[in-house]
Amino acid sequence: DIQMTQSPSSLSASVGDRVTITCRASQGIGDDLGWYQHKPGKAPKRLIYAASRLQSGVPSRFSGSGSGTEFTLTISSLQAEDFATYYCLQHNSDPPTFGQGTKVEVK
Amino acid sequence: QVHLQESGPGLVKPSETLSLTCTVSGGSLSSYYWSWIRQPAGKGLEWIGRIYYSGTTKYNPSLKSRVTMSVDTSKSQFSLKLTSVTAADTAVYYCAREGTSQAIHHWGQGTLVTVSS
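So the protein sequences, as listed, match chains A and B. So the first sequence is numbered by our numbering: it starts at 1 and just counts up by one. So the second sequence is numbered by our numbering: it starts at 1001 and just counts up by one.
To be clear, the hints were calculated from the coordinates, so they are not data collected in a lab. One thing to keep in mind: the hints can contain errors.
Pair ranges (Cβ atoms, derived) [said to hold, decoys possible]:
{"id": "1", "chain 1": "B", "residue 1": "Glu1016", "chain 2": "A", "residue 2": "Arg53", "range": "38 to 44 Å"}
{"id": "2", "chain 1": "A", "residue 1": "Glu81", "chain 2": "B", "residue 2": "His1003", "range": "17 to 23 Å"}
{"id": "3", "chain 1": "A", "residue 1": "Pro59", "chain 2": "B", "residue 2": "Gln1109", "range": "20 to 26 Å"}
{"id": "4", "chain 1": "A", "residue 1": "Arg24", "chain 2": "B", "residue 2": "Gln1109", "range": "42 to 48 Å"}
{"id": "5", "chain 1": "A", "residue 1": "Ser26", "chain 2": "B", "residue 2": "Ser1101", "range": "15 to 21 Å"}
{"id": "6", "chain 1": "B", "residue 1": "Pro1014", "chain 2": "A", "residue 2": "Arg53", "range": "39 to 45 Å"}
{"id": "7", "chain 1": "B", "residue 1": "Lys1075", "chain 2": "A", "residue 2": "Ser60", "range": "38 to 44 Å"}
{"id": "8", "chain 1": "B", "residue 1": "Ser1116", "chain 2": "A", "residue 2": "Ser76", "range": "43 to 49 Å"}
{"id": "9", "chain 1": "B", "residue 1": "Tyr1053", "chain 2": "A", "residue 2": "Ser77", "range": "20 to 26 Å"}
{"id": "10", "chain 1": "A", "residue 1": "Asp94", "chain 2": "B", "residue 2": "Ser1007", "range": "40 to 46 Å"}
{"id": "11", "chain 1": "A", "residue 1": "Thr20", "chain 2": "B", "residue 2": "Gly1055", "range": "38 to 44 Å"}
{"id": "12", "chain 1": "B", "residue 1": "Gln1005", "chain 2": "A", "residue 2": "Ser26", "range": "41 to 47 Å"}
{"id": "13", "chain 1": "B", "residue 1": "Pro1014", "chain 2": "A", "residue 2": "Gly28", "range": "38 to 44 Å"}
Remember, it's a predicted structure, so these values are computed and weren't measured experimentally. The beta carbon of each residue, even a glycine, is placed where N, CA and C say it ideally should be.
Here chain A stands alone, though its shape is the one from the complex (with noise of 0.2 Å):
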């Protein structure tokens, strides 16, 4: 299986803050990852698709970026409404794989 190891695993933030989360793949996966947010109780929400393309209907602050095995999700400025988790998914190879997520919190 390919591991994906995501940093950091927890971070605080204020809003307006730029934050960035870095997501690693053992072995390349070219551009087959998306990264999601998920709140409680809710359904996870995808962000980002094919590592870089803003899926319809998210703020463009939202950004992805990277390919083969080093890849960040950039939130340009943090809003009231992004305290969340977020997880980075790879599809390049069966059995998908996560990273372990990383919480964002209000610092």
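With the hints as your guide, set chain B onto chain A.
Showing chain B alone in chain A's frame:
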């Protein structure tokens, strides 16, 4: 907008079979792959497997011996059965729809299943 909703018993006894159903609304099952994913409390997300609307399946090797998935297009539902459960199978279970290149797109909100006597 497609909507997915998981349903099933919230409590299952050890050694018994966990059974969950996902009901899809706002879209057809046709031409898509449908997945099950779970997350034990305090742990990471684990992909359980997928089923195509035609019935073709693929399971995570870690669970393959205990998993069966099925689909009922007439009811817009697909289902998961996990046999011989233990406390380690206690988790929130999610159903989801895959899109291009089996990238998971739409998710249900999840249902907690506890394995306990």
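Tested hints:
A C-beta distance of roughly 43 Å is found between Glu1016(B) and Arg53(A), which places it inside the suggested range of 38 to 44 Å. At roughly 21 Å, the beta carbons of Glu81(A) and His1003(B) sit within the given window of 17 to 23 Å. At roughly 21 Å, the beta-carbon separation of Pro59(A) and Gln1109(B) lies within the given 20 to 26 Å, and the hint holds. For Arg24(A) and Gln1109(B), the Cβ-Cβ distance of about 29 Å falls outside the hinted range of 42 to 48 Å, so the restraint is violated.
For the hinted restraint 15 to 21 Å between Ser26(A) and Ser1101(B), the CB-CB distance of approximately 19 Å keeps it satisfied. Taken as a hint, the range 39 to 45 Å holds for the pair Pro1014(B) and Arg53(A), whose Cβ atoms sit roughly 44 Å apart. For the pair Lys1075(B) and Ser60(A), the supplied restraint of 38 to 44 Å holds, since their beta-carbon distance comes to about 39 Å. At about 45 Å, the beta-carbon gap between Ser1116(B) and Ser76(A) stays in the expected band of 43 to 49 Å.
Between Tyr1053(B) and Ser77(A), the C-beta spacing of about 41 Å breaks the proposed range 20 to 26 Å. A beta carbon spacing of about 27 Å between Asp94(A) and Ser1007(B) contradicts the range 40 to 46 Å that was offered as a hint. A C-beta distance of roughly 43 Å is found between Thr20(A) and Gly1055(B), which places it inside the suggested range of 38 to 44 Å. Our hint of 41 to 47 Å for Gln1005(B) and Ser26(A) is violated, since their Cβ atoms are close to 34 Å apart.
Distance hint check for Pro1014(B) and Gly28(A): the Cβ-Cβ separation is about 41 Å, which falls inside the suggested range of 38 to 44 Å.
The structure fails to meet hints 4, 9, 10 and 12 from the earlier list, while all remaining hints are met.
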